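Chains as they are written, first to last, in the working numbering: chain X, 1 to 227; chain H, 1001 to 1227; chain C, 2001 to 2286.
Please note: incorrect hints may appear among the correct ones.
Claimed, not checked - Calculated lysine-lysine pairs in the BS3-like style (CA-CA distance at most 27 Å, straight line):
no., chain 1, residue 1, chain 2, residue 2
1, C, Lys2224, H, Lys1004
2, X, Lys41, X, Lys21
3, X, Lys21, X, Lys4
4, H, Lys1097, C, Lys2130
5, H, Lys1097, H, Lys1041
6, C, Lys2130, X, Lys16
7, X, Lys41, H, Lys1097
8, H, Lys1047, H, Lys1097
9, H, Lys1045, H, Lys1097
10, X, Lys16, H, Lys1004
11, X, Lys16, H, Lys1016
12, X, Lys16, H, Lys1097
13, C, Lys2224, C, Lys2196
14, X, Lys45, H, Lys1097
15, C, Lys2130, H, Lys1041
16, H, Lys1097, X, Lys4
17, C, Lys2036, C, Lys2024
18, X, Lys4, C, Lys2130
19, H, Lys1097, X, Lys21
20, X, Lys41, X, Lys4
21, H, Lys1016, H, Lys1045
22, X, Lys41, X, Lys16
23, H, Lys1021, C, Lys2130
24, C, Lys2107, C, Lys2036
25, C, Lys2130, H, Lys1016
26, C, Lys2130, X, Lys21
To be clear, the hints were calculated from the coordinates, so they are not data collected in a lab.
Here the structure is a predicted model, which means the values were calculated and not measured.
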Amino acid sequence: MELKFVLESLLFSAQKPLSAKELREVLVNAADAEDAEATVKSLAKIKEAELTPALEELARDHESAARTYRLVCVAGSWQFVTQPEYGPWVRALVGVKARPPRLSQPALETLAIIAYRQPLTRAEIEQIRGVSVDGVMQTLTERGLVESVGRAEAVGRPQTYGTTPMFLEYFGLRGLEDLPAADELRRIPAEKPPAPVTVDPGLATAAPEELKTQTETPAQTTEGEKS
Amino acid sequence: MELKFVLESLLFSAQKPLSAKELREVLVNAADAEDAEATVKSLAKIKEAELTPALEELARDHESAARTYRLVCVAGSWQFVTQPEYGPWVRALVGVKARPPRLSQPALETLAIIAYRQPLTRAEIEQIRGVSVDGVMQTLTERGLVESVGRAEAVGRPQTYGTTPMFLEYFGLRGLEDLPAADELRRIPAEKPPAPVTVDPGLATAAPEELKTQTETPAQTTEGEKS
Amino acid sequence: MAEYKVQFEVFEGPLDLLLYLIKKEEVDIYEVNLTKLATQFIEYIDTMRLLDLEIAGEFLVMAATLMYIKSRELLPVEQQAQVEGEEEGEDPRWELIRQLVEYKKFKDAAAQLQALESRQEHVFPRIPGKPDFAEPAAEPVKPDVSIFDLLNAVNSVLKRFEQREGQAREIFEDKWSVSEKIESVLKVIGERGSVKFSDLFENAASRGEVVCTFLALLELIRLKQLVCAQPEAFGDIEISRAVAAEPETVTNEDEKTSNIEHRTSNAEGEDVDGPQSGAELKENAQ
């Protein structure tokens, strides 16, 4: 079994780019399998330095085969990639499959709070929602609807969150000023939790006072807030 | 841009097998993109029926390129797969394939009968195998390899069985026509001779000899394969 | 003896055993001496009995059939013909051979399936990583959530907040105004082209909001901004933008800057990663 072909089969099946070092590890692991045959065992003896010429030859093979993909080495890791001219189609493929599911109710609520109160910290969101927002924040961030926009002028300088341009696109809004008026939500006083263990009560309320001016006009705050 | 290459780039980038129908959807979606160019738009007009010949040609291309992977169609969906001989290495990379335990001999025999002769009743299966298939049928049904497909036009209207798409997936078959030696096995079993057999007096083996000439098809197909 | 035992365990049934016996004789199924085969089969059954193995009923049925075939062979020709005449050409020998031939084919097919099965264990599909441009930002995502969902979410938040805090009665006063609703209805219709009547109220949080939405609709219809259609009797009313009507910008008093003091707290959450420092807080408060 020629080394180059084994490497090809590996790179063809890999979910991520692989370095020569990682490829060698796979060869070694394959040889360690209980039922490993002689050919599998023999390739485990190959040195990392010997892999690179084989990989380069493989890349040349695919270059001359001139199909719709190539083997490339980026930052020391090898991977198969489609040729850029097929981008329009491949992008459509991703679009078809990546159609995101509807946002869950907790996600929508959290998003609403962020939209109307941005920028604000995770602790503030949790205070308004009354529950933890860990998973939800991750979803919203992954979906590109909210992002970190700065840090609060408070103890620990926690990150503050705001909505993204994607959020506007998602809901068909021209800007944050287009959000339907929901004064009530803007008005909910966000108090600090009843018994913070580590914070001096007197001081904890001081910082939020400071924050107040920055949270008044949600539409504008995202600009001046980057820290 | 030749259709076949576009299809190749899509199947190369896809994270799951794609049917001709799904591939056509992608072509249409690509053309719907705001910035879609003329070539992208032109491929959206292609009919689903036109995709299959292109896909088959593509599969043949990869067959003759004889690299470590092939384009295959399993149960109507197309995907790139690595050749089995590279299994030991690919397994070391991506882990052991999650597959149910191998089928027993009785299960395989019963499955073969169902696959080639579907739809058929349990009684018909038992007639061919010469033994009861109760337990085996349960296993096959539980594993989703066979299912009830209707009822026979016979006394008691017994259920008839057939194979599922999972059956094709399990064995890596494109369709039932892909079954090995399908033509021969699907042939209607030899009927009894039209006229009563005349037996040579006293010769036990005479009758079968006689039969051979009268039932051409089975005789030809098994002749020569000394068992 | 040991060989017998092993073999018996793998026979799927009488046909399987018969095929094994024929294979041992190295003859074609069509040329097999059935009398001899019958004798061998019965010998095997006897061995199974001797070994105290459980013998399935099918083996016994087959043994009986073979005995019958064997006995027929021993009859004089005239009597053979007589038997055949009775059975309308149903020759048990033919029946058995036909069955064996057919079974043999499927046994071979099963072996081929088995080969495919083990081959599949070594075949791996290519599952590439997601392409780089899979990032959501590059993808114009079709809105699958409307602004109403967002408003609904707002209201849920408010409701729960009230339940939790049992306060802020003024929060729950309906703040909806007809002009706000006009704006949002126009926005939704501008976005979607048309909207179902029921959809407009689906997420209304209060009677007040429903009233405001309805008044807004009436106003827009009066202003010929919107048209209503009911494609089928008792079906849902479809509201869409009136043809050629310039969307009138309904300005809405900007009430977004509330007079009520925002009291936001920055109590520690998991974002707080440093130790609390009073000095820092004071400094920030300056």
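Against the structure, the hints:
no. : hint                     : in the structure
1   : C:Lys2224 with H:Lys1004 : violated, 53 Å
2   : X:Lys41 with X:Lys21     : holds, 17 Å
3   : X:Lys21 with X:Lys4      : holds, 15 Å
4   : H:Lys1097 with C:Lys2130 : holds, 21 Å
5   : H:Lys1097 with H:Lys1041 : violated, 39 Å
6   : C:Lys2130 with X:Lys16   : holds, 9 Å
7   : X:Lys41 with H:Lys1097   : holds, 21 Å
8   : H:Lys1047 with H:Lys1097 : violated, 35 Å
9   : H:Lys1045 with H:Lys1097 : violated, 39 Å
10  : X:Lys16 with H:Lys1004   : holds, 26 Å
11  : X:Lys16 with H:Lys1016   : holds, 16 Å
12  : X:Lys16 with H:Lys1097   : holds, 18 Å
13  : C:Lys2224 with C:Lys2196 : holds, 18 Å
14  : X:Lys45 with H:Lys1097   : holds, 26 Å
15  : C:Lys2130 with H:Lys1041 : holds, 24 Å
16  : H:Lys1097 with X:Lys4    : holds, 24 Å
17  : C:Lys2036 with C:Lys2024 : holds, 12 Å
18  : X:Lys4 with C:Lys2130    : holds, 25 Å
19  : H:Lys1097 with X:Lys21   : holds, 24 Å
20  : X:Lys41 with X:Lys4      : holds, 16 Å
21  : H:Lys1016 with H:Lys1045 : holds, 24 Å
22  : X:Lys41 with X:Lys16     : holds, 25 Å
23  : H:Lys1021 with C:Lys2130 : holds, 22 Å
24  : C:Lys2107 with C:Lys2036 : holds, 23 Å
25  : C:Lys2130 with H:Lys1016 : holds, 11 Å
26  : C:Lys2130 with X:Lys21   : holds, 23 Å
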